[in-house]
Each structure stands twice: as C-alpha cells, then as structure tokens.
Amino acid sequence: MIRPKLFMALLAGVVLLASGAVAPAGADVIKVGVIAPFSGPFAIWGKQFQDGITVYQAQHGTQVDGQTVEFLYRDSGGPNPDVAKSLAQELLVRERVDYLGGFVFTPNALAVAPLIDQSQTPTVIFNAATSAINARSPFFLRTGFTLWQVSVPMAQWAYDQGLRAVATSVSDYGPGLDAEAAFASAFQARGGVVVDAIRMPLSSTDFAPFMQRIKASGADAVFGFLPAGPPTYAFTKAYNDAGLRAAGIGFLGTGETDETTLDALGDAALGLNTAYHYSAAHPSSVNKAFINALALHDPRAVANMASVGAYDGAHLIYEMVAAAKRDGPGAVAAAKGLAWESPRGPVLIDPETRHITQNVYIRVVDKDATGRLFNREFATIEAQPDHGWNR
Amino acid sequence: MGMVFNIALDGLSYGMVLFMISVGLSVTLGLMRVINLAHGGFALLGGALMHGLTFQLGWPFALALPVSVLSVTLIALPMEYVFFRPLYGKGDLTQVLATIGLTFLMIAFVNWLYGSALLGIPLPPSLRGTVDLGLRTLPVQRVAVIVTGMVVLGALYGLIERTRFGIWLRASVDNRAAAEALGINTRWVFAATFALGAGLAALGGVLGAELMPIEAYYPLRYLVVILAVVAVGGMGSVWGAWFAALGLGLIDTAARYALPDFGTIFFFAALIVVLALRPQGLSGRAYDV
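These protein sequence lines map, in sequence, to chains A and B. Under my numbering, residues 426 to 816 are what the first sequence spells out, in order. Under my numbering, residues 4 to 292 are what the second sequence spells out, in order.
Just so you know, these hints were derived from the structure itself, not from any lab. Some clues are possibly wrong.
What the hints assert, rightly or not - If you want the footprint, here are the derived chain B segments under chain A, 3+ residues with CB under 8 Å: (1) 110-121; (2) 215-221; (3) 262-276.
Stated by the list, open to error - Chain A stretches covered by chain B per the calculated footprint, using a threshold of three residues with CB under 8 Å from any CB of chain B: (4) 465-477; (5) 653-667.
As the list claims (entries may be wrong) - Quick list of simulated restraints, FRET-style, between CB atoms: (6) A/Gly673 x B/Gln59: 31 to 41 Å; (7) A/Asn717 x B/Gly61: 26 to 36 Å; (8) B/Val150 x A/Ala671: 18 to 28 Å.
Where is the CB? At the ideal position from N, CA and C, for every residue including glycine.
This is chain B alone, in the form it adopts within the complex (with noise of 0.2 Å):
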C-alpha cells in the first residue's frame, strides 16, 4: 500500500515537471507545424537568467522568475521574425536542421557566458521545507511544481478554446489564407504563439531544475525526454502532452521503485507501444485541445 502511494506521488510530481518542460513544444510543434529542437534551448536561456539574476545579483526569487520568463518571452520575438518565419511551411528537415544548429548556438552562448558548470537557482525559504502527508512527506517545491501545472494546463485550455486569440490561432493554422481574408493577422498571431511557447519552455527549464539542473548543455541533454512526452501526447494537444507525461512519470517511477537494475528500458517500451498503437499519440486530431 505505502509502495503504491508512493510511485503514485513520485510519479505525478515527476510527470508535472515533464508536462510543464514539455507543453511549450506540444504548442509550437502542433499548432505551428514547426519541428522546435531548440525549445530547451529556451528553457536554457530562461535557467541561466534566472541564476545570473538570484545567484549572481542576489535578486529575490519571486521577482527574478517572471523577469526572466518574460525576457525569454521578449526574445523569441525577433527570433521568430528573423529565424523561424522563414521555415514555416518548409521540410521537416530543413527544420530540424536549422533548429539545432541553434541549439548550438544558445548552447554556445551560455558556455561562453558562464562555462560548463551547473547553474544554481537558489529556492527562496517557503519553497524549500517539506510539507508532511501523513504517510511520507513530498519537498514544496514539487507541490509548487504541481499546482503550477494545473494552473499552466487550465490556463493554455481556456487561452486556445476560449478566447478569441484561440479562434484566430486555429483558424491561422487551419487555413492560414482563408483567416488572413477574413482579417486575421496571421503573422502576429504565429509571433505570439511562438513566444509563448518559448515562455512556457522558460518557466518549465526554471521549475523543473531540481530535477533537471541547469547547464550548458540542457537543450540536449533533455531532448529526447521532451520529444518523448510530445510524441506520445500527440502533437500540439495540451491534454494529450499532461496525459503523456503524467503516464511516462508513472511508469518510470513504479520500474525505479520497483525494478531500478532494468534502468529506463519501461520508459521506452511504453513509448514503442504508444507509437506502433497510435501513431499519431494519444490524442487524436492534430490540433486538438
């Protein structure tokens, strides 16, 4: 029973992190149709403010994380305009490409900036006690973790099927002439789409380094975790991403807590049987909520 509850919590706290360094991707990926390799890249930039703004300048934590979430936000701006508006529409492999050669880039950045070392963001006192649940105790701030997510997943719900930016943002990607003669901006709202997205990877990159520490070379590191959850998500569906992660964390807790010496193989299986099952991920459609 205490075993149960256990990979229960774990798992659910590991998928909110997985979920919330994910969704931005799930965003871009499915809605824009562009193949984002350098989404943790984003969250890298968003890390490495964050330990320059608490570490180095001694900021406190509530003030430097939505600074640099927004910063992040501001720059995929004229990124988007230069770089990525000219692959919209363009082979998957033009973009892949073009995308993690700026991987590298940012990873070269940050490497110059600050070296290879670990970035520590350090958490303010009310994130860093554990709060008791009777049976064992979990950290704060994974709790912080996990209502962060839900409020990231109701938000992004209501944003994309409940207001009017949501309307023009599927009619953009549905049939972006058609939107444009009905007086759409659908170059604003691309622009828009894809800042947040690179926000969500900021905030993901900042919340989830207790898990995932910040450093230079992140965008990589990661990669293959994130492009699982959006796999077998389905891409660009919010819901699809949460159910994706929320399972992947599950499953590779219940095999560390039961089974560690087969490593990461469950992860993966599940992954393969996802994929042969439902090629297009759990969610169906592709731009479904």
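Chain A with its partners taken away, still in its complex shape (with noise of 0.2 Å):
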C-alpha cells in the first residue's frame, strides 16, 4: 500500500519542481542554448565560443530592450549527431530556449536540423563549415565561414601571383574533399593545373612521403587542408622538413596557421600563406577592442576564428531579439541582410544563403615586435560570400 502512496508524493513534487522551473523562463529572459564540445580532443572549441560570448556581454550587456539575454552551455564531445539531436531537444522542451548557437561539426548541425524546423527556432552555426547545411533548414544561420569561401580566393590569388601547376593535398573527410574541390574548380576556371590531389588518410601522423610525392609532381605550390591539431602541426613540420620550402614549392593553406596552434608551430610556419577571414592581428578598433576585453576577462585566452564567430553569433542573437523577441521566423526574416562591423572586418547576412558574406584575407606567418608569430594580413578581397552554395 505504500507504493502507490510514494508515488504520488514523487509526482506531486515532479509537478511542483517542473512548474517552479518553467515559471522564472516566462516573462523577460530569453534563452539561448549553445551546443558545442567541452570535454573530450575538442574541448578547446566549446572554450573559445563561451569566451567570445562572454566578452560579448561585457561589453554589450545581458539586456536587449528590457529582455535579459542568457546563454546555457551543453556539452556535444566530439562528431556526436545522436548527443547533438538530444542536446537540442532538451534544450528545446525543457529549457524553452528561442534560440540554438555553437556546432563545430557539420553532423552535429545537420541533427537539429528537424527539431528547429518544428520549433521554429532560429539556430547560428558558430562554425560547421559545409555548405550544404544551410539548405536543410530556414532557420540556420552561420556566423563562421566555409571551405568553399576560403579556398575559392586562395586558387585566385594564388593564380594571380603567377603560379601555374598546384597540386591538392588534403584530408580524405568531407570538409577535406569540400576544400580540394573548391580549390580545383576555382584554379582550373582561371586557367591553372592541378598536376596532383592527394587524399591523405584523417589518422596520418607521418606526411613525409605525400611531401616527397608533391615534390616529383611538379607544383610550384602546394594547396593543403586539415583538421587544425596534431595534423597540421605535423603537416607544416614536413613541408619543411621534406625541404619543399627550399625547393621554392609555394604553400597556400586556409586554417593551418590558426592562433591557437601557431606557437607550437614555432618559426617552422614563418612565411606560409594562408587565405583566411580572420586573424587576431587585424588591424581594426573593432578588433583591438575585443582582443582587450578577452584579454581582460582571461589574461591566457587566445582570439581566433572559433572565438570570433561565437562572438558575431552574440552580435546576430541580440540583433534579432531586438527585432522580433520571441518571433523564431520574424527574426529570421530580421537578420536576412543585416550588416555590422566585427572583429574581422564588415560582414553581412547574405539574404539567400543566411551565411556570412566577408572579406578573405591572404595572410604571411610573421613575428611581431616581442617574437611572437602572428598572421600578417596583406591582400584583402573583399566581401566574398559562401561559394559553395550552388554546388
């Protein structure tokens, strides 16, 4: 007889607990739920996006027109599309959030893709680079960049410095084969020669024998793309180990020269090139303003593309609760062309794609006045928007 008796006690304080919790979400705090990985390899991005979030609110607030604006972080791990879905969901049901933000990986966003569609909840992508994602739902935005946005100005600038015979060499994952094929298409428009495409297994470790085969190949240059991490780092190492730098083999990469990876790289990155939307060192007071408020909210931080998009992210949330509040397709419909001024330059919501449009930077590894490496920017071509769309 007790059972039945517990029972209810249990439900009459499940309903209590879960009236208590949903009232406070009622009136004038509108929540943002961000899903991005805090343990696990990549826990360093979850990291960067709570910093550039973070330095937001320092300095625009927690409030937008009388609303309080509150972030929740959820923990993805890793490529974890079932934990992404779920993540969302709860945040969606239990939480009653108006808006998602973060996702590092394109599965991961492409999860949430039905439960947003459903809700009506707007959702900007902080990074998952993949063109494609975009179309799956009206309610994605993306605040990062794409592969196909990076690359395209990379095989025209690289082109337009007189190199003929490139050869690919990238990852064998899908962001890899998105950044070979955009490269490729963009070079080969212009009139160059991809003389070689590499496909390099994502475990590989030891890159001395594709550099070996980009050196008999004939390239004056090499395109490269990998995951940033061990990869890179390995990557860059042989290219100079493999004395492809003293055969005068140009490197041209995207990503690889990020400033979280930079210093381990040491003075093996000095001098490689890389097509990029941002760098910590761009010369802007936008800029300079962030990089001292993250400075000042975590003297060990480090500005880079994850950081700044989440931080961008913040600027679109807030200027879409502005516009529309609670309204999920008003204020889409809100941030369709939107244009500001951010860290790394001006940027604008493509109406069409709901991507970023932006400039893309052509960058040298250099070492600034106290010996630290940092990205030097010295081409800019100009709002470049996602190139990928219509593949």
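Build the complex from these two chains, which are given one at a time in their own frames, with help from the hints.
Right, dumping it as structure tokens:
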C-alpha cells in the first residue's frame, strides 16, 4: 500500500518542481542554448565559443530592450549527431530556449535541422563549415565560414601570383574534399592546372611521403587542408623538413596557422601563406577592443576564428532579439541582409544563403616586435559569399 | 629506384618513432604482465613537462630532456607502489579498467594545467636543419631519433640479457616465489622495471613529438598504434617490438607513397595477417629478448 502513496508524492513533487522550473523562464528572460564540445579532444572549441560570448556580453550588457539574454551551454563532445540532437531537444522542450547556437561539426548541425524546423528556432552556427548545412533548414544562420568561401579566393590569388601548377593535398573527409573541389574548380576556371590531388588518411601522422610525392609532381605550390591540431602541426613541419620550402614550392593554406596552434608550430611556420577570414592581428579598432576585452576576461585566452565566430553569433542573436524577441520566423527575416562591423571586418548576412558574407584575407606568418608569431594580413579580397551554395 | 629509397628511408625513420613510443609498454606488458594502457599517459607527462621547461621557462633542450625523462621515472615509482602493485596478477579486465581510468586522470590533469591546445617543444638549432643524403634530404631530428632508437635497443638488450639486474628481472617474472627464496627483492625489481618503462615512454613521447605532437589527448589518440606495435612484436620482446615497428612503419609509408587513397588499410591488414598466423606476435616466447 505504500507504493501508490509514494508514487503520488513523487508525482506531486515532480509537478511542483517542473512548474517552479518553468515559471522564471516566462517573463523577460530570453534563453539561448549553445551546443559545442566542452570535454574531450575538441574541448578547446567550447572554451573559445564561451570566451567570445562572455566578451560580447561584457561589452554590450545582458539586456536587450528590457529582455535579459541568458546563454546555456551544453557539451556535445566530438562529432556526435545523436548527442547533439538530444541536447537540442532538451534545450527546446525543457529549457524552452528561443535561440540555438554553437555547432563545431557538420553532422551535429545537420542532426538538429528537423527539430528547429518544427520549433521554428533560429539557430546560429558558429563554425560547422560545410556549405550544405544552411540549405537543410530555413532557420539556420551562420557566422563562421565555409571551405568554399576561403578556398576559392586562395586559388584565384595563387593564379594571380603567377602560379600555374598546384598539387592539392587534403585530409580524406568531408571538409577536406570540399576544400579540394573548391580550390580545383576556381584554379582550373582561371586556367591553372592541378598536377596531383592527394587525399591523405585522417589518421596520418607522418606526412613525409606525401611531401616527397608533391615534390615529384612538379608543382609550383601545394594547397593543403587538414583539421586544425596535431595533423596541421605535423603537415607544416613535414613541408619544411622535406625541403619543399627550400625547393621554392609555395604553401597555400587556410586554417593551418590558426592562433591556437601557431605558437606550437614555431619558426617552421614563418612565411606560410593562408587565406582566411580572421586573424587576431586584424588592424581595426573593433578588433582591438575585442582583443582587449578578451584579455581582461582571461589573460591566457587566445582570439581565433572560433571565438570571433561566437562573438558575431552573439551579436546576431542580440539583433534578432531586438527586432523580433521570441518570434522565430520574424527573427530570421530581420537577420537577412543585416550588416555590421565585426572584429574581422565588414560583414553581412546574405539574404539568400543566411551565411555571412565577409572579406577573405591573404596572410603570411610573421613575427611581431615581441617575437610572437602572428598572421599578417597583406591582401584583402572583399565581400566573399559562400561560393559553395549552388554546388 | 628513387621511390624505393624514399620509402625505405621514411619507413625506417617513421618505424623508429613507433619503436621509441611503444618499447616501454612492450617491456612492462611482456615482463610484468601488466596491461598498462596508461603508457601513453607517461609519454604525455614527459612531453608536458618538456613543454613547460623549454617553452615556458626557456631551458635548453639538452638539459630539459634528461630532467623530464628522469622526473617521469621518479613519478612512476610512487605510482607503481600505490596504484600498480595491487594490479599484478589480477585479471585482464581489472587491469584494463584501472589503467584506462588512470589515463583519464592524466589527461584531465594536463588539460587542467595547459588546456587542450598543442604543447609545442621548440627544437634546439642543432636538431632543426636537414642532412643531405645525395638523393634527398632528411631532417636532423629524424636522424637523432634513429640513433637514439638504436642506442635504446642496444641498452635494453644489454640490460636484460647481460646484467645482474636482467637476471633478477627474468627470474622474478618466471617464478616470483623461487626468486624471493633466492634472496632477490622482487618488489624492488618490479618497481624499477616499471619506472624504466615509464621513462622510456617519456623519452619516446618527447622525441616522437615532431610527428605525434603532445597535447592532452595524446594517450588515447595514439593508443591503437602503440598497442599494434606491441601486439605484432610479441609482448616483452624488445627485438620483436623493433621488427614490428620497422615493418609497420615501412608498410604504412609504402602505402602512403603508392596508394594514399586506400588510407591505413595496409597497416591494419598487416596487423591482421601477423596475428592470424602468429597470435603470440613475431617473437615466439613470452619473455624472449
């Protein structure tokens, strides 16, 4: 006889708790759920995102038109579409968030597409860089970049520098193949020749064999794409060690010299050319203010594309809240065509793709006065859209 | 001809890196029968210490290397006493669970200390250049790894086969009770061997860092490669680990030259073939040297 009583008591407790939990979310708190890795090998992404958002809120306050904007963080680990989906479900149903953000990996972003369609929740992608994502739901917006967006300008710039024969060398997975296709199509469209297209296994640790192959291919330069971290480290080391630099074979990259790995690369990185949308050394007052605020928040923090992606993501969410509060479709409509000055330069949300149109900078790794390595931007290719949208 | 030479050279240097990071596990696993999945953790500790000393404090490489390796060896002694001693003779599953748990602790420690970014270890100018071999060049750092690998191979062979300590060790492993009856301090022998394995892991971690850079998740990222070398080589066999590392290094390198699109399939195919034909690994006996 105790059991039913106990059950009823529990039920009453749960109902009380649930109603208590829901009540404060009612009035003027707008919740934003951020799904990103906060543990495991990719935990640095979560930290970079959180840094960017914290800095934005420190600069602009937590109030938008009398509404408090509150960010809730959820740990997705690595590329786990199932986990990402259930976290999104929990955020939407239990926490009743009005916006979603984050997403480092394409599969994680794709997994939530049906959910945000149903709940009409604007979802700002801070990183996941496959062009196909935004086509999956009208509620996706992106403040990161796509591989097409940075690889096409790289190819065009390389051709303009007089390079005619390039070998591509990419990690054999989705984004790598995107980068390979983007570079090859733009380079060939200008009249250049891709002399060798190497797809390297994701688990490669020794890149010397690929370097010898590139050397033998007769290329003027190598275009590479690998996931940031240990692979890019070993790849750039191998580029120097195998004597490609000494042989005058150019290096064309994108995110290989990311600020979070640059210190570890050391002097071997000096002189490497990359095309990318953000350098922590971007010379503008907005970027200086961002860097200073970041240092104030955490002296050890490093500004990179992930923190600026989240910073601009927070800005976009603030603008949407100001324009439409909790009205999802209204918020997305308000975001279309929105332009602002980001730490990376002038940006615009493309009304058709809902992806960020931005400058792509050609950079070279250089040393500053204190001897620290940084990406020096020396050429600007203005207002690049997502070149991969119609592929 | 040039391609065969390239494969041989790159395979040899890659194989030596594999040998350096896995020989310590071969010693502890084969001689002490402890499945120490935390082996990579000791390499991580060595690498993180090296990063702190050289990158942050500006110590010279030549001084920081012995200090890091020795520190890890000394850290391993109390850990052996507290953590590993109760595991000797326990079931495989107990050992696997306990040591993988220890690995997570080590990862969390380094993550807490340095975050999950790459931990660079600046090379001294003397190791930075390249050596011209006529047909092509080879980084000095690789040459140093090859030479160190050969020295470690020779030293381990000498230690286990030609010294009194080696006799004690083999006796303790063979029959602990009889060895103790003969007056051998088996506790001390095991502790010293375990510390030696940890020190070798640290040395391999630091020297192999040009290919497998140190970061918090190092122990898990390269666990499969390390275990593959030890399994193919035959547990406890220093020569076996050497042959296995070189063979796997050559196969993997040849595949990358000729058929990069096939990925790492040849590496694992070789692993499967060897283990199907010789489940005990290349070396026949359990504590053969």
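Are there at least three residues in the stretch 262-276 of chain B whose beta carbon sits under 8 Å from a beta carbon of chain A?
holds (count 4)
Mind taking a look at whether chain B covers the stretch 465-477 of chain A? Criterion is 3 or more residues with CB to CB distance under 8 Å.
holds (count 6)
At the C-beta level, are B/Val150 and A/Ala671 separated by a distance inside 18 to 28 Å?
Holds, since B/Val150 and A/Ala671 (Cβ atoms, about 23 Å apart) stay within the stated range.
Against chain B, does the stretch 653-667 of chain A show at least 3 residues with beta-carbon separation below 8 Å?
Result for this restraint: holds, n = 7.
Can you take a look at whether the stretch 215-221 of chain B is actually covered by chain A? Rule is 3+ residues, C-beta closer than 8 Å.
holds (count 5)
Go ahead and decide if the range 31 to 41 Å is satisfied by the Cβ distance of A/Gly673 to B/Gln59.
Roughly 35 Å apart at Cβ, these two residues keep to the hinted range, so it holds.
So the hint says 26 to 36 Å: do the beta-carbon atoms of A/Asn717 and B/Gly61 match that?
For B/Gly61 against A/Asn717, whose Cβ atoms are near 27 Å apart, the range 26 to 36 Å holds.
Given as covered by chain A, does the stretch 110-121 of chain B meet the bar of three residues or more with CB within less than 8 Å?
holds (count 5)
The structure fails none of the hints (numbered hints given earlier).
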